[in-house]
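Note that the protein sequences, when read in sequence, are chains E and P.
681 is the number that my numbering gives the last residue of the first sequence; the numbers go up by one with no jumps.
681 is the number that my numbering gives the last residue of the second sequence; the numbers go up by one with no jumps.
Be aware that a few hints might be false.
Each pair may be met inside one copy or between any two copies, as identical chains are not told apart.
Unchecked claim - As a list, the in silico DSSO-like pairs of lysine-lysine whose alpha-carbon atoms are at most 27 Å apart:
1) 2 - 347
2) 2 - 194
3) 566 - 162
4) 162 - 397
5) 327 - 120
6) 566 - 526
7) 194 - 218
Derived from the structure by calculation, the hints contain no laboratory data.
Note that the coordinates shown come from a computational prediction; the quantities given were computed from them, not determined experimentally.
There are 2 protein chains.
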Amino acid sequence: MKFFFEPKGVALIGATPKPHTGGHSLLTNLTLGYDGPICPVNPRYHEILGLRCYPEVTAVPNPVDLAIIFVPAPAVPAVLEQCAARGIPGVIIESGGFAEVGPEGRALQERCLEIARRGGIRIWGPNCMGLIDSRKRYVFSFLSPDAWQDNLNPGGVSLIVQSGLLAGGFMTTLMSHKILRLAKACSIGNKCDVDETDLLEFFLDDEETKVIAMYVESFPRGRRFFELASQRRKPIVVLKGGKSAAGARAAASHTASLAGNQALVRGALDQAGVYQADDFFELVDLARTLEKGFERTAPPAGKPRVVVFTFSGAAGIVTADHLEASGLALAELSPATRERLEKWSPSWMPVNNPVDFWPAMEKHGPEITYREGLAALLEDPEVDAIIVHLFAGFGVWFLDAEKLFHGLNKTPKPVLFWVMGHEQGYQPLRLALEEMGFPAFNEIQRVVQVLAGIFEFRAGGESPAVPKGCADPEIFQALKIRTEAFREPVLDEGESKKLLRELGLKVVPEIPAEDLSGVLAAAQEFGYPVVLKGRSPGLVHKTEAGLIRLDLHTPEQLQAAFREMAGGPNMPVSYLVQPQLKGDVELIAGIVRDPQFGPAVMLGIGGVRAEVYRDVVFRLAPVTRRDVEEMVSKLKGRALLEGFRGTTPVDLDLLADWLIRLGELSWRVDAVQEIDVNPLLVVQGEPIAVDASIVLR
Amino acid sequence: MKFFFEPKGVALIGATPKPHTGGHSLLTNLTLGYDGPICPVNPRYHEILGLRCYPEVTAVPNPVDLAIIFVPAPAVPAVLEQCAARGIPGVIIESGGFAEVGPEGRALQERCLEIARRGGIRIWGPNCMGLIDSRKRYVFSFLSPDAWQDNLNPGGVSLIVQSGLLAGGFMTTLMSHKILRLAKACSIGNKCDVDETDLLEFFLDDEETKVIAMYVESFPRGRRFFELASQRRKPIVVLKGGKSAAGARAAASHTASLAGNQALVRGALDQAGVYQADDFFELVDLARTLEKGFERTAPPAGKPRVVVFTFSGAAGIVTADHLEASGLALAELSPATRERLEKWSPSWMPVNNPVDFWPAMEKHGPEITYREGLAALLEDPEVDAIIVHLFAGFGVWFLDAEKLFHGLNKTPKPVLFWVMGHEQGYQPLRLALEEMGFPAFNEIQRVVQVLAGIFEFRAGGESPAVPKGCADPEIFQALKIRTEAFREPVLDEGESKKLLRELGLKVVPEIPAEDLSGVLAAAQEFGYPVVLKGRSPGLVHKTEAGLIRLDLHTPEQLQAAFREMAGGPNMPVSYLVQPQLKGDVELIAGIVRDPQFGPAVMLGIGGVRAEVYRDVVFRLAPVTRRDVEEMVSKLKGRALLEGFRGTTPVDLDLLADWLIRLGELSWRVDAVQEIDVNPLLVVQGEPIAVDASIVLR
């Protein structure tokens, strides 16, 4: 990948002297920063911008390991052949007209890829805007020179954007408004070869990159991405486009990429410790805050404790509202801090959190107020982070951040600023704060959202090795052989539960029966109440088909239920009788295979209503005990598992055993495509499968 | 109230010639805009800023009907006495040091209020920044003149802010950044007399005010506010501070105001058609969009159908994601529109929604692309609103909004812009769009959130008259007498259900019993299975106390349950036996009384898990049939009521009857403080109370 970022020489195929064209901007940009040989290629010119121009790339004498192509799409394959002949290892295709425009373009893109593979070329693009290196001032992009020339703001965030046009607009905006301190910015367009996973791998080793931020619509190599991200070597922030059904349709038609199951992708990224955003500037706000390198010291068991330091009671109240909604807590100040602040604030002002600093301001002026107030809060061990509200002022009242906050930026605790004010004061104050290492925001909800975001993961997370395995490897060998023997893709309840039992998991006992007398005998054996189920091969939704009758307390009730079922529209071929278990909560558990991320485990609040509240969490298989704890903690209805209203809490060891074994099965036995255990009933704390279905590949 | 906004003459008590003080700014601001007599009052000066200065307000000869007070808090009562003596009807107290600083300040504030009441004075404030009238250039505030002088941006939004300091900073920010076109801005601080309800009433009749936006922490006259808002004469947008438990604490300590039950306040404002925001700039963004006066034509039954008109596939995808998350739909373009766009777009580009206009741009240039593309979409009857994405450009590429969008602003459909770009292009384009009547935003999530917000209510909502009443008025008379006769405040289940039965509501039958033989006889009468409940006066949480045993199928089970209960730690004084009903969904219904808004009705998804998902909706009593329909539609689990997985849908007539009667009871019978019906079980579509408790005042 190094030839893309530090090429020994660059050939530009499609260079032109015509102003206001991409080919002209590309060449101009190269001359404004790139320090190696620049070789324009265009048969119509001998010289462009004072540089010798070559008729084709094979004629270039200099050392060239990067070619940038900006010629019409149909001409690209021939150019690529020449690059292959010239032995150029890296090619950025910035032209559009490929997969994004339909089947013909897709075929053209496939042809290019084939030529590249044959010739040992890595392709970047097509339909992209190339890359920018802020420190080196390398701009390998058709972006207008005016958009970046005076605006590079070098820093530690490297940005990856999957899209054609957006990247340029977005970067122009970020640079000219001085929103983000960029290390490198990459527009990878249709990413037919070089993708976000390649770049992630590169940036994890890139010394200039402290934080990696990206917009992507798919993860074609999701599993590899997950493994790299799970190393947690640098903060990674992802905005995933195509979350909605509608969004996924747009993604498919536009970038021809497969958008995965959103809940699964979210779970996988959570598991890997990847920060997630829902909008472009939110992505940037999270990344620029993570770039500051704050340490997060929240107590492992509790919510991060935040102080709000404000000039306005109303703004303090609104901030407290957002903190609560985002799962953060208002810190309880320690007695020592309270004492310090009582000396600092006028006596009539009670010291609370939010800390209203205005009364102190009237007493001491800004310098003492900010420095002493913030120092007291930063030193408080009960405080994990601070949100400071500032009114920027203007003219004689302008706040001098250097003077007021000097020294405070040595703190490892996150200190985030919410700034409002007259435009003459706002922008200089914001930039001064950023320069000192404090991120500043102009909306309360965003500052709280970002603060909640950076506390989402702690540094040095557990790396997801394959767990030792609770189950004997021989079991999986046996299950492999068993599953391969099935001829039907869908196993019915009886077969599914048998397989789970073999895996060492607890399922409700059952007795199969062929007729009424068998059914009655089975019930006799279990004792009433019982459940009667009808077996009908290939039928998964038994409730709707009338093939489940619960809570049958007498032989008469059982007999009536049998007659109704046997005489109903979906006559079963045989029956299952089970004891009626009484549980405290119905869970749903299962496994699925994602085409991009591979096998994954699901846990949710289950029963017939699982679809209504959609309270489910995914993690990629194999899962660890810690993964299971995180899954439980992410459920909205987790209170139901924790001993809700006098019930026995779920035994977390047993639940973890369930999910770890399911995960291991999906990891080791390829033939299993999907498993649904619903309900996984919790009886006296113990999860027991009451119904299950397994789909084979 | 008119003397506050159009005074015949203004006295300023606390005027001073010292620069950089509030008293000096106040006087300067008056001289810069106010066109009536200005009378500074300060015994230390004879003249300030060339104006004759008086030693006290009684000495002022001119016609004066407004006094602005800016002297230290302890001196205010004496000044107020003089205002009373002078017969001044309106006083704005901008000084701080009152209820916001603790008990002493609160006492001082009470004294001021008493003097005012006696003297026939309306007080505005204290602890406030007064008011601004953008059109008249009246600034009755200690805001620095530099903050507003060149920045007034007259328009149709009137703003009310409950807070001391924030108001000034907020207004300075809004004005200098040209974010909001203001009619009048009011900072009402501690609102000891003039409050948001007074101002709402005034602005509903104010010709210059098209939209009313406010930040408040409490609604001391909530019921009157609700009645005024319910007239739906102008859009009203509210940001309510103090939503969280923590926020409410901050509210109580800061402005000493009672923050109501948040879910109830949200329900009441929804019911009145009040738009709600969660942050300051969100409030402003909603207000400035509503000011444009778009018509909202969404089909009554469906989701508003939105087109995204974009230069970037990626931005289109992210917008589609946000649309789905916000309950809006991507419009399906009509065949006619599709045909028009197919002519306009190059042939290789499939026409979809989001509509990618870039290919057309390359073919036709911007003018034809925007005008023809947007015209086609605006004329499509399948489209309710449009989100346009623009890259502002800069230099030679700058977009000229006047030229491109001229004429399109005649459309009544909402057209909202998301704009990004180089700072040189961004701000001029944003302002030009705003000038033309199109709101512009810089975050996708905000533009979608605002669009969803403006579709929340349709114009001309039903006014909430007291419903004719399903129940006979005599019943309420009888219930009134009955409830007043109770001596204990908490009615147990038996008494509570009896009262509900008298109200005409269906409750589960029950037979009281004193001992085991009575219990067995009762079960015999109903037939098994039955439910056994223990009665224990004053005890509300029967489940935790072990006083409910469900699903008893035989005399043996009943006997065992009886013995356990009788021998348990909460021995009941007597028993209730009920048949075990089998229902499809457990609801919760009830009434509460809010100290600010009065009686309210609640509906939610119930059972023991009601507290876990907190899926409840409030409406103020009395409620109408339409209110009940809205309540159902706001439940996250509403699918459970609509015939979920083969169950019978809830009979909406019967459910409405329940809530209307409960509401009428709370409206007519003051003695009833709270009712909880949980579960309200839906059996074959019919709601039946299985348990209930009533608390009297």
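Against the structure shown, which of the earlier numbered hints fail to hold, in ascending order?
Result: hints 2, 3, 5 break, sorted rising.
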